[in-house]
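Engineer: Work out the full structure, taking the sequences as your base and the hints as a guide.
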Amino acid sequence: MQQRTELARFVTRASIALGMILAVIVALTTAGPSQAATNEALSVDLASNRGTSTLVGEGVLYGINQDATLPADQHIQPLKLNAFRGGGWFSGGWIKDNYRYGSATQADITSIIAQARRLNQVGNHPQYQVLLSDLYGLNGGQPSNTVYPCDNGNCSNWATFIDTTVAALQASGLPFAYDIDNEPDISVFWKAGVNSAQYFQMWDTAYRELRKVAPGAQIVGPSFAYTPLARPSQWSTFLDHVKAAGTVPDWITNHDEGDVDDPVAVSQALNSRLAAAGIPARPLSANEYQPADRQTAGVTAWYLARFAQSGYTNAMRGNWVCCMTPNLTGILTQVNGAWTTSGNWWAMRSYADMTGTLVNTSGQVGSTAISASIDSTNQRAVAIIGDSNGYTGTATVTFNGVSANSWLAGNGSVNVTVKRIPEQATLTAPQVVLNQTMTVSGGVVTVPLTFQASHDAFAVYVTPGSGTSPTPPTSPSASPPVQGACTATVSTNAWTGGFVTTVRVTAGSSPVNGWSVAVTLPSGSAVTSSWNTQAAGSAGTVRFGNVSYNGQLAAGGSTEFGFQGTGTAPSTAICTAS
33 MQQRTELARF
43 VTRASIALGM
53 ILAVIVALTT
63 AGPSQAATNE
73 ALSVDLASNR
83 GTSTLVGEGV
93 LYGINQDATL
103 PADQHIQPLK
113 LNAFRGGGWF
123 SGGWIKDNYR
133 YGSATQADIT
143 SIIAQARRLN
153 QVGNHPQYQV
163 LLSDLYGLNG
173 GQPSNTVYPC
183 DNGNCSNWAT
193 FIDTTVAALQ
203 ASGLPFAYDI
213 DNEPDISVFW
223 KAGVNSAQYF
233 QMWDTAYREL
243 RKVAPGAQIV
253 GPSFAYTPLA
263 RPSQWSTFLD
273 HVKAAGTVPD
283 WITNHDEGDV
293 DDPVAVSQAL
303 NSRLAAAGIP
313 ARPLSANEYQ
323 PADRQTAGVT
333 AWYLARFAQS
343 GYTNAMRGNW
353 VCCMTPNLTG
363 ILTQVNGAWT
373 TSGNWWAMRS
383 YADMTGTLVN
393 TSGQVGSTAI
403 SASIDSTNQR
413 AVAIIGDSNG
423 YTGTATVTFN
433 GVSANSWLAG
443 NGSVNVTVKR
453 IPEQATLTAP
463 QVVLNQTMTV
473 SGGVVTVPLT
483 FQASHDAFAV
493 YVTPGSGTSP
503 TPPTSPSASP
513 PVQGACTATV
523 STNAWTGGFV
533 TTVRVTAGSS
543 PVNGWSVAVT
553 LPSGSAVTSS
563 WNTQAAGSAG
573 TVRFGNVSYN
583 GQLAAGGSTE
593 FGFQGTGTAP
603 STAICTAS
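For the sequence shown, our numbering assigns the number 33 to the initial residue and increments by one for each residue that follows.
Just so you know, these hints were derived from the structure itself, not from any lab. Any given hint might turn out to be false.
Stated by the list, open to error - As a list, the in silico BS3-like pairs of lysine-lysine whose alpha-carbon atoms are at most 30 angstroms apart:
#, residue 1, residue 2
1, LYS112, LYS451
2, LYS128, LYS275
3, LYS128, LYS223
4, LYS244, LYS275
5, LYS128, LYS112
6, LYS275, LYS223
The structure displayed is predicted, hence computed values, not measured ones.
Structural biologist: Written as structure tokens, this is what we have:
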């Protein structure tokens, strides 16, 4: 069953880009000399501020084994995973159990709970999106005589499935988001056709049952394979229906697995479609990204750089060797029975260092993308660079505004380290190609690098030079501790009439065994949903408390929670430690 389903999933997803295969092959096979150029000039402005870096893109689709014991902590923790999408998948689920809550479905539920617990321990408390259609058994390998949800207008068994499985997951006490259906615009997953009458019967039934069984849980969807840039009418039909039916998902999800779907352009198109449908903006999730023929270190870094500058809240790397293989969506390689890191893993690992505050960059030059952040707490600025089309040749990264950060260049110099991440199936560490102290002139440092081979990625670290004061200034966005030894830092993505706020809680010099954050909303504003926290109230002063898995913080340790709201976003928060 597993081999059959893997093949079906792979072939089906590959068919998304079937019309593009020849173009992709040409691009990749000519990515040598014909792609070479004299120089690419990239830039970073360390005096700017784009808001808190939330590491959008540090997520995976499956890639953890059934009982969640693999991969090892050393392969998960450094990535700071903040998003995961799974759903059991291996057993055949509800269909295998003859459409009842039997042993196969229960095995899937057990696996989902084990994975969520493990990720809360070793990840960055990721949002776990449960693939309900996979849990049902609609994973591309379902038998030909499958009874689909709402066949012949009968949705009763589908409602029973939602009620039973979701209740079992909710009983674990773990926070789950629920993804109603996967790629319904691909016939092997949903034969009745996307946006058909049966599709909307299935969707509306699932939405309403979820609201009854798990009223506080996030509902995500529609997880279309095609973006609104590729199929705008498909998106308009869906959004118009869910608005009229009152079944709009809390998060909008889509897949960026076409021929290098640009997260910046796709997120803009999603927001435009929402506005055209009269639906307030809400968090966006690319819960599968990166096509099978672009799984290289350079393209991985390109996606991450673009996600950092996009309107997405999170994103999960696609899995083309699905699903319980503990390879974190193919970024780990098995050698002599042991799992080890690849160039793709190191691209994600380096991106995980892009903490602190996002800054302005040149974005994309040709097919090369760059994003960067500056972090006074960790005393570094980090830039991630990747190319979507196999560029080879020289490049320069000009860091402007260096002197605006006295802790970084207080003595007129900085240390610069350039790490080349080659496209290799097995890579134990990046190659350090530059490590030297450089003089800051006019607030500027220019760093050279060379794409030695197609699909190289780079991480550039700028740290204080010798003699620079090691004590960073207090972050202007961090509220001072008022009661107890913790601080709360606010980062907001706002739009007309709404916002999503992320709050980072950081312990002081002593451990924290519980925390509470008070947020005062402007008049007329209200909290509509939250995650990784327990919220008391929805307007005025709202108090957010820790949940079971994020209340204990080591000295200097931190965790994050978030909430969505209407009106104007708050700008400050006050943390009290227990």
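Engineer: Each of the hints needs a verdict: does it hold here or not?
Structural biologist: Hint check results:
1. For the hint linking LYS112 to LYS451, the alpha-carbon distance of about 20 angstroms falls within 30 angstroms, and the restraint holds.
2. Between LYS128 and LYS275 the alpha-carbon distance is near 34 angstroms, which puts this suggested pair outside the 30 angstroms criterion.
3. Pair hint LYS128 plus LYS223 holds up; C-alpha atoms about 19 angstroms apart against a cutoff of 30 angstroms.
4. In summary, the hint linking LYS244 to LYS275 is supported, as the alpha carbons are separated by about 19 angstroms, within the 30 angstroms threshold.
5. A hinted pair counts as satisfied when its Cα atoms are at most 30 angstroms apart, and LYS128 with LYS112 does not qualify at roughly 35 angstroms.
6. Straight-line distance between C-alpha atoms of LYS275 and LYS223 comes to about 24 angstroms, which keeps the hinted pair within the 30 angstroms bound.
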